[in-house]
Amino acid sequence: EDKVVQSPLSLVVHEGDTVTLNCSYEVTNFRSLLWYKQEKKAPTFLFMLTSSGIEKKSGRLSSILDKKELFSILNITATQTGDSAIYLCAVRQGGSEKLVFGKGMKLTVNP
Amino acid sequence: ETGVTQSPTHLIKTRGQQVTLRCSSQSGHNTVSWYQQALGQGPQFIFQYYREEENGRGNFPPRFSGLQFPNYSSELNVNALELDDSALYLCASSLGGQGLGDTQYFGPGTRLTVL
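Residue numbers (my numbering), protein chains in the order written: chain F, 1 to 111; chain E, 1 to 115.
By construction, these hints were calculated from the structure, which means they are not laboratory data.
Hints are supplied without guarantee of correctness; some may be wrong.
[Stated by the list, open to error] Calculated pairs, DSSO-like style, for lysine-lysine (alpha carbon to alpha carbon, straight line, at most 27 Å):
#1 F/K41 <-> F/K68
#2 F/K56 <-> E/K13
#3 F/K37 <-> F/K67
#4 F/K56 <-> F/K40
#5 F/K103 <-> F/K68
#6 F/K57 <-> E/K13
[Claimed, not checked] Per the computed footprint, the stretches of chain E lying under chain F, defined by three or more beta-carbons under 8 Å from a beta-carbon of chain F, are:
#7 36 to 42
#8 54 to 63
#9 105 to 111
[Stated by the list, open to error] Take a look, some chain F residues computed to stay more than 10 Å from chain E by CB distance:
#10 V4
#11 H14
#12 E15
#13 T44
#14 E55
#15 Q80
#16 D83
#17 S84
#18 E97
Here the structure is a predicted model, which means the values were calculated and not measured.
Built from N, CA and C at the ideal position, the CB exists for glycine as well.
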């Protein structure tokens with residue numbers, strides 16, 4: 001059965017801390033891995049990763065994929081209260097083009 | 001803002017009723033996917049429409065059905081509502097056929113409560 005597992009499921013940190021979010025997957029016909037941030041309702045797109053070892057970076061956020069070990073990490077440096085959200089990892093499968101999501105990781109950044 | 005809109009934002013129904021949720025895709029996108037997100041869970045894939053044809057379906061019963069129109073907007077219909085259908089329903093649009101470059105952009109969702 002296809003599955004995406006995120007860890008930890010929740011994390012509380014102080015502003016300025018660095019956090020690492022983990023995502024492992026076992027999915028047939030892997031095409032790409034995506035990270036989303038969900039604050040209230042709509043998940044907003046952060047990164048799409050297709051190749052191993054190539055870091056994607058956007059401001060304080062960065063992500064990398066390891067297709068051999070079947071995992072990805074999302075790093076957030078110098079966290080801010082606005083980073084408080086649920087972070088979703090999803091794997092896109094070829095063929096049906098569906099996304100298989102993990103349960104999400106709730107990050108709380110306290111001032 | 002992704003340009004993906006959904007209506008209504010909230011809906012309350014009773015068991016056994018039927019509901020129709022609507023989604024307008026981002027301009028230029030021809031693919032719409034629907035997801036169900038229960039409280040505390042990640043979104044679960046319901047089905048996808050590409051150029052008005054169903055292009056994949058998740059593990060949902062036939063009482064979940066959909067439609068895509070020539071302007072690529074879409075509807076999700078759920079018949080014989082059950083309590084477990086209470087969830088946030090998300091629509092995502094994308095430009096299908098782009099291979100690895102395809103990214104799904106989500107709308108704000110419809111919160112359905114079944115009493």
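Each hint tested on the structure:
no.	hint	result
1	F/K41 <-> F/K68	violated (33 Å)
2	F/K56 <-> E/K13	violated (43 Å)
3	F/K37 <-> F/K67	holds (22 Å)
4	F/K56 <-> F/K40	holds (25 Å)
5	F/K103 <-> F/K68	holds (23 Å)
6	F/K57 <-> E/K13	violated (43 Å)
7	36 to 42	holds (count 3)
8	54 to 63	holds (count 4)
9	105 to 111	holds (count 6)
10	V4	violated (8 Å)
11	H14	holds (25 Å)
12	E15	holds (26 Å)
13	T44	violated (7 Å)
14	E55	holds (17 Å)
15	Q80	holds (21 Å)
16	D83	holds (19 Å)
17	S84	holds (16 Å)
18	E97	violated (6 Å)
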